[in-house]
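Q: So the chains spell out like this:
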Amino acid sequence: MSNVTVEKREPLITVDGLKTYYPIKKGILSRTVGHVKAVDGVSFSIFEGETLGLVGESGCGKSTIGRSIVRLENPTEGKIIFQGDDITGLSNKQMSDYRSNLQIIFQDPFSSLNPRKRIKDIIAEPLKVHQIVQPKDIQKRVDELLDMVGLPKHYKNRYPHEFSGGQRQRIGIARALSLNPKLIVCDEPVSALDVSIQAQVLNLLSDLQKELNLTYLFIAHGLGAVKYISDRIAVMYLGKVVEVAKTEDIFKNPKHPYSLALLNAYPVPNPNLRNKERIVIQGDVPSPANPPKGCRFHTRCPIAMDICRKQVPELKGTDHAVACFAVN
Amino acid sequence: MSLVNIKQESDTSLGQVIPIVPESTIKEESYLQMVVRRYKKHKLAVIGLFVMIVLGLMAIFAPLIAPYDPYAVNETFSAPPTPLHWLGTDQVGRDILSRLIYAARVSLMVGVGAVAISVAIGTILGLLSGYYGGKIDMVIMRLTDVFMSFPHLMLILVVVSVVGPSLTNVILVMGLLFWTGVARLVRGSVLQVKQLDYVKASIVLGLSTPRILFQHILPNVIAPILVNGTFGIAAAIIIEASLSFLGLGVQPPTASWGNMLTDAQSLTVLSSQPWVWVPPGLLIMLTVLSVNFIGDGLRDALDPKSIK
Amino acid sequence: MRLHASLLIDYALGGAHLFSYIIRRLLITIPIIFGVTIINFLIINMAPGNPVEMMIDPNLSQEDIEARKDALGLNAPLYIQYFNWLMNLLKGDLGFSMSTFEPVTQIISERLGPTILLMGTALFIGLLIAIPLGIISATKQYSKLDYLVTGGAFMGISIPNFFLGLGLIYIVSLQLNLLPTGGMVTLGGDNGLTDRILHLILPSVVLGIGIAGKKIRYVRSSVLETLGQDYLRTARAKGLREFIVINKHGLRNALIPIITVIGLEIPLLLGGAVIIEQIFQWPGIGQLTISSIMSRDYPTLMGLNLLAAVIVVSANLLTDIVYSLVDPRIKYE
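Chains as they are written, first to last, in the working numbering: chain B, 44 to 371; chain Y, 126 to 433; chain E, 429 to 761.
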């Protein structure tokens, strides 16, 4: 089910009605008393060569979706379709055919690399296991990959602890690229880096995308981070997607009240362009174990109506889709 | 990491500009080198290691060092130290010094043997238990609960008395009992390491489970195993000594520091022949103390909380 | 999950949570006890003689013995034998000693008292030594006193307790003639309290030193961790006594973990008791263990083994419960 018809072609990956619930166990016999509804019915598609930005507050489920796509998490319901194949229920063995196509870059540069292995071994390992190149060419390929991410070859004999956060992220990117993937899930790859380094890494990701025709699912918790690199942006709130549109449309013409609020929180450099009226959201995020009835956002929405408390709004629209009764 | 002479070089194919640190200012220190460096800071631990090496050499070269055959009976028995027999002779007439030297073999074999078995079993079960969780975890953990419910010495005594006392039996029984502690430790470490992103990356990269377990998880879990193993050697030595002392471990005429103390249970020997029982007791203490120091030094050297 | 909401619920249901925790702990204990009995049974089977046969009262006539053998199904498969043995166990029957022909339960219960007395005193002495020394060591960290105490602690855990026992007998009893060399009372003596105390001192001190050696370092690190640098600076500045007065509350928190560790000492104490009772001729279950081994009295041995395991399991259970009552930070889930 695609929300945006940029071109009439098949998407690289489609997520359809994805739900991931975690059971809550209480009591003497550990009975399941409820569920944390981390992802509650999410559908989108990503086309080859594009970047879909996925934004939302902490706990909205965006990381869960990212991990579900690379099958680090198992969805409770719904489908994940990659290049026409349903990969949702595949066993570990069956997934091995798809693994090289779906890679991930992690948020924390300090836990994403094995501290006991040298860089050259970290990057060479997937090459060896999947037999991407001949054994005699492995180190050559490692050199190429390091070069691609902007690290000098002679760094490869070093250990992760000798590198800065930004450099470690580059190594993580090189590792992800080693299998020649089609899709890379970028799980907040720059959130843990200094601001000046963030720009470098984002540039790198952007350049790599153009050169290798990569597809990205770029997860972040602020609109600012995704603006530069995303073609389209999906905004999430409490397990559901509330708005999907092209990047420029989200910024110029945000329709969902939550997107509006996120945007207002995004610092605008030019004081003349700053919005005079700010929408301030009240309250805290409700618990995903007990989401509000009806529209999830109604408890904090400044324009909430009666119907919002009772019914769940559908995501409606083609180029610019919104899930809100007030807008539709 | 100190940056000296930051040079800007356009070094990559994508035309990126990044600061480069000259090679000479960064030392590549492997994990092993770091551990050794930190270990050397503990004087006691270094002394302990030295002592153990001496004892080890003594055990290996016993036939060359010992003045007499430890089994040989001489004319004088229960004799006090003389120039002929530096530590005197025991009740039967065997030279005590020679027996002392040969007994080092027993203690070291027991210590290393029991720990080797228990670490092997415990590590594998702990890895499986921690990584797979679920039913496997439950079964293994319940098993460790049951085994740990028996007081160690009592259970060993009971089993050894049932299967018969001997050096091999003692080593085997200890090995089959101590694995529980190792398994718990490994499981705990695995649970922590399992969460880390590089393990998750390994899964996404399609690496096989044995590879993940042995190449990614195990090396990062080894530190507590080493420390626990070292203290385990100390414990094993004491338990063997206790068993042999009670007559349920290494049987005479084979010499063990423990069974050299058995005779001291008689008040006559205790009061009038201190040369018989004091030296073996002191040696046990020295060995165990040294191993404990080593363990302490290792623990601090491997502690990730105090890096650099 | 919102932190404050669940904390409120926790508080209100505090009692209920604790109750369910205790129940859950008990439920886990049951399979453990079963496991213990199974292992025990398997060990018995390795010994010569049949475990079920050991249950038969040897004082009966030959015909009766044969009848009991049939009734107990000596040729039945292993699991039936185990079941019969277990049934007997639950009735409180541990079989009959092969050397004295008395019921095992009787023999053991006679010896249990002295051992508990010994273990209790040892624990008390051990903590009496360890807690103050540990606190001093922590407050005067890195001083000469600290190194002395830590060194002493190392010695305490490295010396085999039988060597220490023999050594103390040699020095205190034989050379200095201060204390008796063994037994619980002097033969033909007045059986008075002083006499008993004198006999109790050496064995419990030996065991106590072993405990103290381990605990000193534990107390030290617990105090260091809980109290933090400010408190300890006070100690160095104002002196130890005032420090204790000022920081009673903090010290209490620091000492709470000691409770858990006491529970963990019990299995080691039981092991230590075996050796010490042997050296000091103390009439407890430790000495009984040795004599049973020597005389190949397997029924008694198995009974002792089982008892030891039950004691350890109970000690662990109690420790967990006490700890959960005392430490408010523990989550019961």
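Hints in this document: simulated from the structure, not taken from any laboratory.
Note that the structure is a prediction, hence the values are computed from the model and not measured.
Note that CB positions come from ideal geometry on N, CA and C, so glycine has one too.
Check before you lean on any hint, since a few could be wrong.
Said to hold, decoys possible - Below, simulated DSBU-like cross-link-like pairs (lysine-lysine); rule was C-alpha separation at most 30 Å, straight line:
1. B:Lys196 x Y:Lys165
2. B:Lys353 x B:Lys336
3. B:Lys179 x Y:Lys325
4. B:Lys179 x B:Lys196
5. B:Lys160 x Y:Lys319
6. B:Lys122 x Y:Lys325
7. E:Lys568 x Y:Lys168
8. E:Lys642 x Y:Lys166
9. B:Lys253 x Y:Lys166
10. Y:Lys168 x E:Lys572
11. Y:Lys168 x E:Lys519
12. B:Lys62 x Y:Lys325
13. B:Lys270 x B:Lys359
14. B:Lys163 x Y:Lys168
15. Y:Lys325 x B:Lys270
16. Y:Lys165 x Y:Lys260
17. Y:Lys325 x B:Lys183
18. E:Lys666 x Y:Lys165
19. B:Lys353 x B:Lys270
20. E:Lys642 x Y:Lys165
21. Y:Lys260 x B:Lys62
22. Y:Lys319 x B:Lys122
23. Y:Lys165 x E:Lys568
24. B:Lys163 x Y:Lys319
25. Y:Lys325 x B:Lys69
26. B:Lys171 x Y:Lys166
27. Y:Lys166 x B:Lys136
28. B:Lys122 x Y:Lys260
29. B:Lys160 x B:Lys336
30. Y:Lys319 x B:Lys136
31. B:Lys136 x Y:Lys325
Said to hold, decoys possible - Chain Y regions said to be covered by chain B (calculated; three or more residues, Cβ under 8 Å):
32. 314–326
33. 341–349
To be verified - Chain Y is nowhere near these chain B residues, computed Cβ spacing over 12 Å in every case:
34. Val79
35. Gly121
36. Asp151
37. Gly215
38. Val228
39. His264
40. Asp362
Q: Compare the structure with each hint and give your call.
A: Tested hints:
{"no.": "1", "hint": "B:Lys196 x Y:Lys165", "in the structure": "34 Å, violated"}
{"no.": "2", "hint": "B:Lys353 x B:Lys336", "in the structure": "6 Å, holds"}
{"no.": "3", "hint": "B:Lys179 x Y:Lys325", "in the structure": "28 Å, holds"}
{"no.": "4", "hint": "B:Lys179 x B:Lys196", "in the structure": "17 Å, holds"}
{"no.": "5", "hint": "B:Lys160 x Y:Lys319", "in the structure": "17 Å, holds"}
{"no.": "6", "hint": "B:Lys122 x Y:Lys325", "in the structure": "22 Å, holds"}
{"no.": "7", "hint": "E:Lys568 x Y:Lys168", "in the structure": "21 Å, holds"}
{"no.": "8", "hint": "E:Lys642 x Y:Lys166", "in the structure": "24 Å, holds"}
{"no.": "9", "hint": "B:Lys253 x Y:Lys166", "in the structure": "52 Å, violated"}
{"no.": "10", "hint": "Y:Lys168 x E:Lys572", "in the structure": "16 Å, holds"}
{"no.": "11", "hint": "Y:Lys168 x E:Lys519", "in the structure": "59 Å, violated"}
{"no.": "12", "hint": "B:Lys62 x Y:Lys325", "in the structure": "21 Å, holds"}
{"no.": "13", "hint": "B:Lys270 x B:Lys359", "in the structure": "23 Å, holds"}
{"no.": "14", "hint": "B:Lys163 x Y:Lys168", "in the structure": "36 Å, violated"}
{"no.": "15", "hint": "Y:Lys325 x B:Lys270", "in the structure": "28 Å, holds"}
{"no.": "16", "hint": "Y:Lys165 x Y:Lys260", "in the structure": "43 Å, violated"}
{"no.": "17", "hint": "Y:Lys325 x B:Lys183", "in the structure": "26 Å, holds"}
{"no.": "18", "hint": "E:Lys666 x Y:Lys165", "in the structure": "36 Å, violated"}
{"no.": "19", "hint": "B:Lys353 x B:Lys270", "in the structure": "34 Å, violated"}
{"no.": "20", "hint": "E:Lys642 x Y:Lys165", "in the structure": "25 Å, holds"}
{"no.": "21", "hint": "Y:Lys260 x B:Lys62", "in the structure": "26 Å, holds"}
{"no.": "22", "hint": "Y:Lys319 x B:Lys122", "in the structure": "27 Å, holds"}
{"no.": "23", "hint": "Y:Lys165 x E:Lys568", "in the structure": "25 Å, holds"}
{"no.": "24", "hint": "B:Lys163 x Y:Lys319", "in the structure": "23 Å, holds"}
{"no.": "25", "hint": "Y:Lys325 x B:Lys69", "in the structure": "28 Å, holds"}
{"no.": "26", "hint": "B:Lys171 x Y:Lys166", "in the structure": "40 Å, violated"}
{"no.": "27", "hint": "Y:Lys166 x B:Lys136", "in the structure": "48 Å, violated"}
{"no.": "28", "hint": "B:Lys122 x Y:Lys260", "in the structure": "28 Å, holds"}
{"no.": "29", "hint": "B:Lys160 x B:Lys336", "in the structure": "50 Å, violated"}
{"no.": "30", "hint": "Y:Lys319 x B:Lys136", "in the structure": "20 Å, holds"}
{"no.": "31", "hint": "B:Lys136 x Y:Lys325", "in the structure": "16 Å, holds"}
{"no.": "32", "hint": "314–326", "in the structure": "holds (count 5)"}
{"no.": "33", "hint": "341–349", "in the structure": "holds (count 3)"}
{"no.": "34", "hint": "Val79", "in the structure": "18 Å, holds"}
{"no.": "35", "hint": "Gly121", "in the structure": "20 Å, holds"}
{"no.": "36", "hint": "Asp151", "in the structure": "6 Å, violated"}
{"no.": "37", "hint": "Gly215", "in the structure": "8 Å, violated"}
{"no.": "38", "hint": "Val228", "in the structure": "9 Å, violated"}
{"no.": "39", "hint": "His264", "in the structure": "18 Å, holds"}
{"no.": "40", "hint": "Asp362", "in the structure": "33 Å, holds"}
The structure fails to meet hints 1, 9, 11, 14, 16, 18, 19, 26, 27, 29, 36, 37, 38 from the earlier list, while all remaining hints are met.
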